[in-house]
Amino acid sequence: MRAEGNRNGSGVKRLLTSNEAIAEAVKIAKPDVIAAYPITPQSPIVEKLAEMVESGELDASFVRVESEHSAMAVIHGAATAGARVFTATSSHGLAYMFEMCWWIAGSRLPAVMAVATRSIGAPWNIHGDHTDIMSLRDAGWIIGMAESAQEAFDMTLQAFAVSEVVNIPFAVGIDAFTMSHTAEIVEIRNAKLPERRQAYRILPGMEVAVNAVTMGEARMKARYDLAIDLEKSAEVIERTDGEFGSYGGLVEKYRLEDAEYAVVMAGGWCGDAKDAIDMLRDEGVRIGMLRLRFIRPFPEKAVKELPSEVLVVDRANTGIKGILGMETAACGVEVKNVVAGIGGLDVGIDDFYRLFGKFVDGKLEKVEWLI
Amino acid sequence: MDLSPILSEATVASAGETGSWRNYRPLVSSELCSKCGNCIVYCPEGVIFEGVDSVEIDYRFCKGCGVCREVCGQKAIEMVPE
Chain A
1 MRAEGNRNGS GVKRLLTSNE AIAEAVKIAK PDVIAAYPIT PQSPIVEKLA
51 EMVESGELDA SFVRVESEHS AMAVIHGAAT AGARVFTATS SHGLAYMFEM
101 CWWIAGSRLP AVMAVATRSI GAPWNIHGDH TDIMSLRDAG WIIGMAESAQ
151 EAFDMTLQAF AVSEVVNIPF AVGIDAFTMS HTAEIVEIRN AKLPERRQAY
201 RILPGMEVAV NAVTMGEARM KARYDLAIDL EKSAEVIERT DGEFGSYGGL
251 VEKYRLEDAE YAVVMAGGWC GDAKDAIDML RDEGVRIGML RLRFIRPFPE
301 KAVKELPSEV LVVDRANTGI KGILGMETAA CGVEVKNVVA GIGGLDVGID
351 DFYRLFGKFV DGKLEKVEWL I
Chain B
1001 MDLSPILSEA TVASAGETGS WRNYRPLVSS ELCSKCGNCI VYCPEGVIFE
1051 GVDSVEIDYR FCKGCGVCRE VCGQKAIEMV PE
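Listed in order, the protein sequences are those of chains A and B.
Take my numbering: the final residue in the first sequence is number 371, and no numbers are missing along the way.
Take my numbering: the final residue in the second sequence is number 1082, and no numbers are missing along the way.
FYI, nobody ran anything at the bench for these hints, they're computed from the structure.
Do not rely on the hints blindly, as some may be mistaken.
Over 10 Å on every C-beta distance to chain B, these chain A residues come out as not near it, computed from the model [stated by the list, open to error]:
1) GLY82
2) PRO123
3) HIS181
4) ILE188
5) ASN190
6) TYR200
7) VAL210
8) ASN211
9) ARG239
10) ASP275
11) THR318
12) LYS336
13) VAL347
Some chain B residues near chain A, calculated using beta-carbon distances under 8 Å [to be verified]:
14) ILE1006
15) SER1008
16) GLU1017
17) GLY1066
Pairs of lysine to aspartate or glutamate residues, derived as DMTMM-like cross-links and limited to a Cα-Cα distance of at most 20 Å, are as follows [unchecked claim]:
18) LYS232/A - GLU1009/B
19) LYS336/A - ASP361/A
20) LYS221/A - GLU1009/B
21) LYS27/A - ASP278/A
22) LYS221/A - ASP1002/B
We treat Cβ as the ideally placed atom computed from N, Cα and C, and that holds for glycine.
Isolated chain B, as found in the complex (with noise of 0.2 Å):
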């Protein structure tokens, strides 16, 4: 039985690199981030983590929904197109 299909690792599924699929890129000001964690929270892909002078996103994987822009309390987090 070939469970490929089912189990994989633990970052990388079948389907790949899903940032691939994303229309919008979120920016992220590392003037106006305070860090709060409130993206990476909320980010659904658990793909944003905490930088140096702000949150940064893995691209790789991030597909562009814009949750985190909408929970910014900063408004640090612009979506540009690709």
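Extracted from the complex, chain A is given alone in its bound form (with noise of 0.2 Å):
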């Protein structure tokens, strides 16, 4: 993947919400087939989208589905025949899709969605936190979350460039309101993409047959290939972040060097979460940031390397516990953990010092629920 700087060899900055932002990326990487349903806060990426395969600005087939399974189901079998796809969805939408998610993945095709990451009922709220993405992290999907609307442009092709080498569906995740309809300055840059590729395509013609019932040994080794390829993906996002973003691969590590305390997050919430590490540094707190931009595959390597004191800020629970908190302790690293942000509930740049403190001072029990 190449980037392509317009006249100065930088991009034409203008002021997008990460929806947006989003919508610019896919409209460069140029997708043969779009579908998707609309569900708030992702509607604003695909009304965009539409715009511009009205418009003739885009050469795309936007296929309006009558559901978000058939959403995934439209750009599943457009895939299997060699398109470059795209959906984008939230919370209720990405429940309703689940089953086709696991299809896409286990056929091992190239695809790109966007979540607008949102709460799943009930109650019934519309506002940001993880839940949503989460519940991707078993069926075998690149997962990557992003913290700006520059990041979730960039993040959005790189997603096709990693996706088309390794045979896995991509979601680039980026949190409801406070980025999907917030707007910041973002550069938006050409790129080049590789020419769409893939392990196999079925055309007409062709007799065979896709996925077929199995047996448990074909299945075993299926999903273990899946989990393996998932693992190794990790160099592939890594290099294809180097050409283009350069973010940090995996993960982005702030102001760790000399760090005794390390916070673990994901996610748009970091940037407030970096201003209230911030404030602690000029107190003298020694004290960084491991955000994970990815959640799939997991940065078992960055987060093995913290310092020993660490805390992880969740926005998506498992049982009592966060799901990034079980994921970290299951690295074999001692951590506290804190449940925040359900629902939309504000942390603002004030509560994440307080907490940080907390943590700094030792008062943070093992797993508590910012309420």
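Quick one: dock chain against chain with the hints and give me the complex.
Structural data, given as structure tokens:
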């Protein structure tokens, strides 16, 4: 993948929400087929893409479907025939397409999906947390989490390049509203994506059965191969990130070099948490952040290099624990774990400052909920 | 990347001849069968074909679900234990 600078080597700066930034990136990726069903807060992504198709700016088939299950089924079918494909969803939409998410991953088809991460009911809630996208983590997808509109733009383009090399679908997560509907300055850079490639294509006239019934041996092998290839995709993610974006690969290390205390987080709220880290740094506290840019493959190597005092702040839970807290602990790291910001409950700079202060003072329980 | 679990011949999947799973075998009476084709359309495995005197079933893949017997207007199909 290669960045194509505009005239002076850089891109055009525009004021865009993360939703709009993703739509601009998709336009540059030139997908053949887009299928989507509207759901808050993702809808502006595909509305923008629909406008681009309508106006002729983007030469793609936009398939209007009656459900998210069909959206994923359509891009699954199109990808099988060799089309570059995109969809976007959130929350209940992701829940509704959950089955097909497993099919497209198991079929080893490249695809890109944006997820504007939103709480899943009940009770009814349209606001941000990471409950929805975390449910994808067993399905065999690459799962990235952007922190800014710029990163959402860059990661979406990286997603097409990575997915089509490793034959694994790629989900790009952006936080509901704080990113999806919040405008930031984004540098729109043209990119030269390689030609679409994939492990196999099924075209009319071919006599072949796709995903016919298997017994345990074949299914086990397919699942093992996918798990191994998902781990190996880290190399491709890091290489592609180096070519276009340079965020640090699977993780971003923020003020970690000499840190005694480390905070592990993912997503849009990391920006506010970094401000709180800066405040504590000004007071002489050696604290930093490991921002997980990817949930799958999980950045195990970077997690294992953390200092001994680790706090994981989660926006999604499994039982009483946070999901990233559990994942980090599974790498053999002793963690304190806080679950916060569910259903869009605001966690601001001051909240992070107080929370991190409590962590540094050794006053946090093993697992706490910031209610 | 090994694609063999995903892609297979159009007729024999990696699970092999699934007819071995069958507990009941559909038997077609050539006297009663009118070759209307209803069972051909309804067979979920697509393993019933038009024969000379009656429809014919590919027992290598018939799992014995009995849908053909249910949809047969002539009551020409009987399910017998294997």
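Comparing the hints with the structure gives:
Distance check on GLY82/A: its Cβ is at least 14 Å (rounded) from any Cβ of chain B, clearing the 10 Å threshold; non-interface status holds. The Cβ of PRO123/A sits about 40 Å from the closest Cβ of chain B, beyond the 10 Å cut-off, so the non-interface label holds. The Cβ of HIS181/A sits about 39 Å from the closest Cβ of chain B, beyond the 10 Å cut-off, so the non-interface label holds. At roughly 34 Å, the least C-beta separation between ILE188/A and chain B is larger than 10 Å, which holds for a residue marked as non-interface.
Separation of ASN190/A from chain B is adequate, the least Cβ-Cβ distance of about 31 Å exceeding the 10 Å criterion. The Cβ of TYR200/A sits about 6 Å from the closest Cβ of chain B, inside the 10 Å cut-off, so the non-interface label is violated. A beta-carbon of chain B is positioned within 10 Å of the beta-carbon of VAL210/A; the least distance is around 6 Å. With 10 Å as the threshold on Cβ separation, the claim that ASN211/A sits away from chain B is violated: the shortest Cβ distance comes to roughly 6 Å.
No beta-carbon of chain B is positioned within 10 Å of the beta-carbon of ARG239/A; the least distance is around 18 Å. Residue-level check passed: ASP275/A sits 44 Å from the nearest beta carbon of chain B, beyond 10 Å. At roughly 29 Å, the least C-beta separation between THR318/A and chain B is larger than 10 Å, which holds for a residue marked as non-interface. Residue placement check: LYS336/A keeps its beta carbon more than 10 Å from all beta carbons of chain B (closest about 40 Å).
Chain B leaves VAL347/A outside its interface by the beta-carbon criterion, the shortest separation being 42 Å against a cut-off of 10 Å. The closest approach between the C-beta of ILE1006/B and any C-beta of chain A is roughly 6 Å, which is under the 8 Å cut-off, so the hint is satisfied. Of the supplied interface hints, the one on SER1008/B holds, with its beta-carbon coming within about 5 Å of a beta-carbon of chain A, less than 8 Å. With a cut of 8 Å, the hint placing GLU1017/B at the interface with chain A is violated, because the nearest CB-to-CB distance is about 11 Å.
With 8 Å as the threshold, the beta carbon of GLY1066/B stays out of range of chain A, its nearest partner Cβ sitting at about 19 Å, so the hint is violated. As the CA atoms of LYS232/A and GLU1009/B are separated by approximately 29 Å, the hinted pair breaks the 20 Å bound. Note on LYS336/A and ASP361/A: the hinted pairing holds, with a Cα-Cα distance of about 12 Å set against a maximum of 20 Å. Of the supplied pair hints, the one linking LYS221/A and GLU1009/B holds, its CA atoms being roughly 18 Å apart against a limit of 20 Å.
Distance check on the hinted pair: LYS27/A and ASP278/A sit about 37 Å apart at the alpha-carbon level, beyond 20 Å; violated. For a cut-off of 20 Å, the pair hint linking LYS221/A to ASP1002/B stands: about 9 Å separates their Cα positions.
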